[in-house]
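Protein chains: 2
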Amino acid sequence: MKLLVLTPSLKDRHREAIIEKAGSYDVEVCFAASEDEIPSDFSEPDIIYGFGVKTAQNCRTLKWMCVPWAGVDSLMKPGVFANDECVLTNSSGAYGVSIAEHIIAVTLMMMRHLTTYHEEILKGNWGWERYHQDSIKDSRITVLGTGDIGCTFATRARSFEPAGIVGVSRSGVCERFDFDKMLKTDDLDSVLPDTDLLVMSLPGTDETVNILNRERIMSMSQGAYIVNVGRGSAIDDDALCDALESGHLGGASLDVFKTEPLPEESRLWKTKNLLITPHVAGNLTLDHTLNKNVDMFLEDMDNFFNDRPLKNKVDRSRGY
Amino acid sequence: MKLLVLTPSLKDRHREAIIEKAGSYDVEVCFAASEDEIPSDFSEPDIIYGFGVKTAQNCRTLKWMCVPWAGVDSLMKPGVFANDECVLTNSSGAYGVSIAEHIIAVTLMMMRHLTTYHEEILKGNWGWERYHQDSIKDSRITVLGTGDIGCTFATRARSFEPAGIVGVSRSGVCERFDFDKMLKTDDLDSVLPDTDLLVMSLPGTDETVNILNRERIMSMSQGAYIVNVGRGSAIDDDALCDALESGHLGGASLDVFKTEPLPEESRLWKTKNLLITPHVAGNLTLDHTLNKNVDMFLEDMDNFFNDRPLKNKVDRSRGY
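Read top to bottom, the protein sequences are chains A and B.
Residues 261 to 580 in our numbering are what the first sequence spells out, letter by letter.
Residues 261 to 580 in our numbering are what the second sequence spells out, letter by letter.
Any given hint could turn out to be false.
No copy is singled out in the list; a pair is fine if it fits within one copy or between any two copies.
To be verified - The calculated BS3-like cross-link candidates involving lysine-lysine, where the alpha carbons are at most 27 Å apart (straight line), are:
no.: 1; residue 1: K518; residue 2: K573
no.: 2; residue 1: K323; residue 2: K271
no.: 3; residue 1: K530; residue 2: K383
no.: 4; residue 1: K383; residue 2: K518
no.: 5; residue 1: K532; residue 2: K383
no.: 6; residue 1: K397; residue 2: K552
no.: 7; residue 1: K552; residue 2: K262
no.: 8; residue 1: K571; residue 2: K397
no.: 9; residue 1: K281; residue 2: K573
no.: 10; residue 1: K397; residue 2: K271
no.: 11; residue 1: K337; residue 2: K281
no.: 12; residue 1: K573; residue 2: K532
no.: 13; residue 1: K314; residue 2: K532
no.: 14; residue 1: K532; residue 2: K441
no.: 15; residue 1: K530; residue 2: K262
no.: 16; residue 1: K323; residue 2: K262
no.: 17; residue 1: K314; residue 2: K271
no.: 18; residue 1: K397; residue 2: K518
To be clear, the hints were calculated from the coordinates, so they are not data collected in a lab.
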């Protein structure tokens, strides 16, 4: 069997671990920097770990593809895999730590006006104006999407002594974190008026498109904050901009967008109290994320060759 | 007796609570927006709560002064109080929540390059470059100064799963937070080479001046981060700038400076990987801070009129 690795940023220790594990199953390994640099004898691999979507589309021998990212909405369309039977695993679970730290950071940056102070300092101004601050302490937090990211965030957020943390998920059940209350997505409306901070970490599925629509945005508590690290499709951008411009919302931080990079003509660029980051909440430049990503792949390699269920297998009926 | 209140940002509920408590001890209350607006019949109060340093310097009737801030180094000099017997209390303990949130925020902003991304977005650039990130997870944290701020920070930091949190204080003892290890300030040198994040929350005293000198900065772990929220006098600024420019340190965040506002000619303005904030980590614009500040004063008013020791009394021999 042949394994093609197309994951960037790997360190020597990761390559060695992959070679060793693959060797124990008589699997040949090839590391390529990108799909344009795949040696011809590896153009038809049995396994891909990495950014190999073009290859997967043409490769009938492919039995298992592990993508090193979490959101696989773009891979759910027909025709993405030449082999319909190809198993897909993702790396949901590797990014929780990184994205949770991002959520805490941008939340506090908004609540404490840290970008405003930084902009003044960049101009050489001391900028010692005192703005009203908000705090995670005593805030009512709602986490929409209680997977790895939502739970890892909630664990950290709880240490800041919020008034409460409500989780919202499709099933209304979360076994990993002890939310003060769990709701089904169908009951989202009931909690928004009592939410000071809404954290959105949803996968991109038919059910999550436009889930934060205009009516729901307007139902939120005056001065509330929104952080979206899931998918840009989940929010009505125009309604969000209106609510920020009018002062109904205290702030919003978006790391994900319907189109990335954000188009030049987007209204989001110039909306006040909107903190934009260029999809950097989770990426492979954090050692912990990279280590966990590789560990998860290697664990599933054991499962794959021992005919056990793959732990990180994507459920195509759910889309995540 | 007469109580003069010179604390800004008070809400009606705070004024009412002060009037009620003072009334129960037959104390007359006057609220003034600043020392320039004190009515003449209150120019010789018995108690001051607030920014009343000029008044205290000339007021022989003053028996108790409660300042709504924490660092009282500037009040330790002779001649600050016309009445040598005047009791001084401060509001150390009111700022822990606010300053802990500041420390977490600036630490993550540095580790995750969030100011760089923000600067690019301000220019209209997507700026999708991937920088190496660091994380609080698995970091070795040292907290220099384990009072309210240091402990409140450590409580939050622990939820991010650091490798460990070492506390350093004059006594080498901390009853409030269970640090992985406690050291005396005399043993600071032993921990700096194993520190990825140094949080400094020290009062300004003779013993803390220049405590982070050039030798100690250079002994720190390559790529380490420093956050100072105590007093600017604690750091050798030139050595800090050198260590940031050379890349020895990963970043530093300063909220306090030897001179504030930071003088135009200061080298700090233009030092790379240095995040400057204009002394905003703790201020009275956060509801929680203001509520706690007033509560602490009212608790000590009960102590004052019942001849009990004042809880927030400054120990002049220590200077905090």
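These are the hints, each one checked on the structure:
1. K518 / K573: within (25 Å within a copy, 56 Å between copies)
2. K323 / K271: within (26 Å within a copy, 66 Å between copies)
3. K530 / K383: Classified as both; 19 Å inside a copy, 11 Å across copies.
4. K383 / K518: between (32 Å within a copy, 21 Å between copies)
5. K532 / K383: Both, since 19 Å and 15 Å are each at most 27 Å.
6. K397 / K552: between (31 Å within a copy, 13 Å between copies)
7. K552 / K262: For K552 and K262, the Cα distance is within 27 Å only inside one copy (23 Å; across copies 64 Å).
8. K571 / K397: Between copies only: 24 Å across, 36 Å inside.
9. K281 / K573: So K281 and K573 pass the 27 Å test inside one copy only (19 Å; across, 64 Å).
10. K397 / K271: For K397 and K271, the Cα distance is within 27 Å only across copies (19 Å; inside one copy 39 Å).
11. K337 / K281: neither (32 Å within a copy, 69 Å between copies)
12. K573 / K532: neither (41 Å within a copy, 44 Å between copies)
13. K314 / K532: Neither. Shortest intra-copy (39 Å) and inter-copy (41 Å) distances fail the 27 Å Cα cut-off.
14. K532 / K441: neither (32 Å within a copy, 45 Å between copies)
15. K530 / K262: Answer is neither: 49 Å inside a copy and 52 Å across each miss the 27 Å cutoff.
16. K323 / K262: within (10 Å within a copy, 84 Å between copies)
17. K314 / K271: Cα proximity of K314 and K271: one copy only (24 Å, versus 62 Å across).
18. K397 / K518: Neither. Shortest intra-copy (32 Å) and inter-copy (31 Å) distances fail the 27 Å Cα cut-off.
Checked against the numbered hints listed earlier, the structure breaks hints 11, 12, 13, 14, 15 and 18; every other hint is satisfied.
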